[in-house]
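Participant: These are the residues of each chain, in order.
There are 4 protein chains.
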Amino acid sequence: MSEFIWPIRVYYEDTDSGGVVYYANYLKFMERARTECLRSVGFEQDVLREKDGIIFAVRSVSIDYLKPARFNNLLNVVSKITKCGHASMTFKQDIKIEGEQDVLCSAEIKIACLDSNNLRPCPIPAFIMKEIPCDS
Amino acid sequence: MSEFIWPIRVYYEDTDSGGVVYYANYLKFMERARTECLRSVGFEQDVLREKDGIIFAVRSVSIDYLKPARFNNLLNVVSKITKCGHASMTFKQDIKIEGEQDVLCSAEIKIACLDSNNLRPCPIPAFIMKEIPCDS
Amino acid sequence: MSEFIWPIRVYYEDTDSGGVVYYANYLKFMERARTECLRSVGFEQDVLREKDGIIFAVRSVSIDYLKPARFNNLLNVVSKITKCGHASMTFKQDIKIEGEQDVLCSAEIKIACLDSNNLRPCPIPAFIMKEIPCDS
Amino acid sequence: MSEFIWPIRVYYEDTDSGGVVYYANYLKFMERARTECLRSVGFEQDVLREKDGIIFAVRSVSIDYLKPARFNNLLNVVSKITKCGHASMTFKQDIKIEGEQDVLCSAEIKIACLDSNNLRPCPIPAFIMKEIPCDS
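Protein sequence lines correspond, in order, to chains A, B, C and D.
Quick note: the first sequence uses our numbering, first residue 1337, plus one each step.
Quick note: the second sequence uses our numbering, first residue 1337, plus one each step.
Quick note: the third sequence uses our numbering, first residue 1337, plus one each step.
Quick note: the fourth sequence uses our numbering, first residue 1337, plus one each step.
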């Protein structure tokens, strides 16, 4: 699929006293990028929840931290959907510094589609599947 | 009133690349202390919400940052309720390093009691007022 | 002065189980906006720290929470500098939902200029004062 | 090895508008527990950094989210060290609600020992290895 690239600026809130971005915060950056990736193909998650009764929840994350990001870096989160199942999809997300090739951290993140009323897995609606740019 | 003292350990998540606790995070510490202060007199906020239909929301904060806290510091949040109104109460909360006298930051925080259904102000229930240790 | 407006999207990370933006997180939004305000007049804070030996630190915050922001809202942080002292400046920062007039929260935030080596107050350098759009 | 159990209370700051703990925040809980695990065998990370010139950094995380934690839950982080290499160690960390058997989330987290001056991998000092309760 075509990659979806979302820029993220590193602010003080994202860093820790080790001088680098705190390890949990890369997951925030990746979730912002997934949200914007869905928005870019027409889906607002508050609408999906209220009108369509579905939410997306993270089932698993596997992430490698290769090089640190630092205060004031301009990052890009490079996302693609590598698997689309009946009720889940898997994102591959890499973070790089704008203009550089090195991957700072790289994650595989599995997302489940849940019924917002009972939080049980449910099929990804066809109108979403149709728009999701997926390789599999 | 008697003060309520709640210990907080500073972890990496709380600090920023300036080497100190990030300024917004002191508000997290203070909210933990208010939650524990209410618990200490018998009130669980999830029960208050579900059974009694009320939540507490912050209306205003006035905070002075005097000295920084750092990674691994053991802090105490010293809280007291300085005003109890019909539908609101005001906390004075100071943060110190365990065993030291200097106040690192000092805040006055006004809390409103809200109806959890419509988020409108409502009176603080009498069974709470009775237990809250208030000076005013 | 002319206002500086910075857009902020509300993500899940910013909200809490009350369904609204967590009160401390508005301070993150405001700090992002101050950082971008300085960048817009030519100052990168990592450069100021490394080359010019200064950092900016928050001395005090006075904030009123008027209406809540929610998941997926697109907010604007409207910032202006209302006072410029020798070694400090004061920002007035209001947060609104894009396209709406209501102020969700409104803060006055005093920033001190510190020597990055000893964290003591120092004068704001003239080359910064010259560029800062200040009313006072 | 013997497990190390560290209690964590869920506050509003940890939750999101989905009504559950935000997925990145479990990594904060796990890092608090690792810090306390090291403290329990005598090591303060600020001292390790300043006196011994080492810091610990996360190299990779693999985490499964099985059931959500909610506001006001009292959690236990159950940690053990499953591998001790020359310059790294691996933690297995499970989170449960106090008094319950279900695992809410389960992670394997690889930590590298770094020279604090150049952030390059370095051997875990013998005086630490001696105290770390490791199965491997």
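Keep in mind that a hint or two might mislead.
The list treats identical chains as interchangeable, and a pair is accepted whether it falls inside one copy or across any two copies.
For lysine to any residue, the following SDA-like pairs were computed, each having C-alpha atoms within a straight-line distance of at most 25 Å [claimed, not checked]:
1) 1466 <-> 1433
2) 1387 <-> 1430
3) 1403 <-> 1470
4) 1403 <-> 1469
5) 1432 <-> 1372
6) 1387 <-> 1398
7) 1403 <-> 1448
8) 1387 <-> 1345
9) 1428 <-> 1453
10) 1466 <-> 1402
11) 1432 <-> 1459
12) 1403 <-> 1390
13) 1403 <-> 1378
14) 1428 <-> 1386
15) 1466 <-> 1435
In short, the hints are calculated from the structure, not lab data.
Participant: Does each hint hold? Answer for all of them.
Facilitator: Okay, the hints, checked on the actual structure:
1. 1466 <-> 1433: Neither: 32 Å inside a chain and 31 Å across chains, both beyond 25 Å.
2. 1387 <-> 1430: Classified as neither: same-chain Cα gap 32 Å, cross-chain 31 Å, threshold 25 Å.
3. 1403 <-> 1470: neither (28 Å within a copy, 27 Å between copies)
4. 1403 <-> 1469: Classified as neither: same-chain Cα gap 29 Å, cross-chain 29 Å, threshold 25 Å.
5. 1432 <-> 1372: both (17 Å within a copy, 21 Å between copies)
6. 1387 <-> 1398: neither (32 Å within a copy, 33 Å between copies)
7. 1403 <-> 1448: For residue 1403 and residue 1448, only the inter-copy Cα distance (13 Å) is at most 25 Å; the intra-copy one is 29 Å.
8. 1387 <-> 1345: Classified as between: cross-chain Cα gap 21 Å, same-chain 32 Å, threshold 25 Å.
9. 1428 <-> 1453: neither (28 Å within a copy, 32 Å between copies)
10. 1466 <-> 1402: Neither. Shortest intra-copy (35 Å) and inter-copy (28 Å) distances fail the 25 Å Cα cut-off.
11. 1432 <-> 1459: neither (33 Å within a copy, 28 Å between copies)
12. 1403 <-> 1390: Between copies, since 17 Å is at most 25 Å while 36 Å is not.
13. 1403 <-> 1378: Close neither inside one copy (33 Å) nor across copies (28 Å); limit 25 Å.
14. 1428 <-> 1386: Neither way: residue 1428 and residue 1386 sit 28 Å apart in one copy and 35 Å across, limit 25 Å.
15. 1466 <-> 1435: neither (33 Å within a copy, 31 Å between copies)
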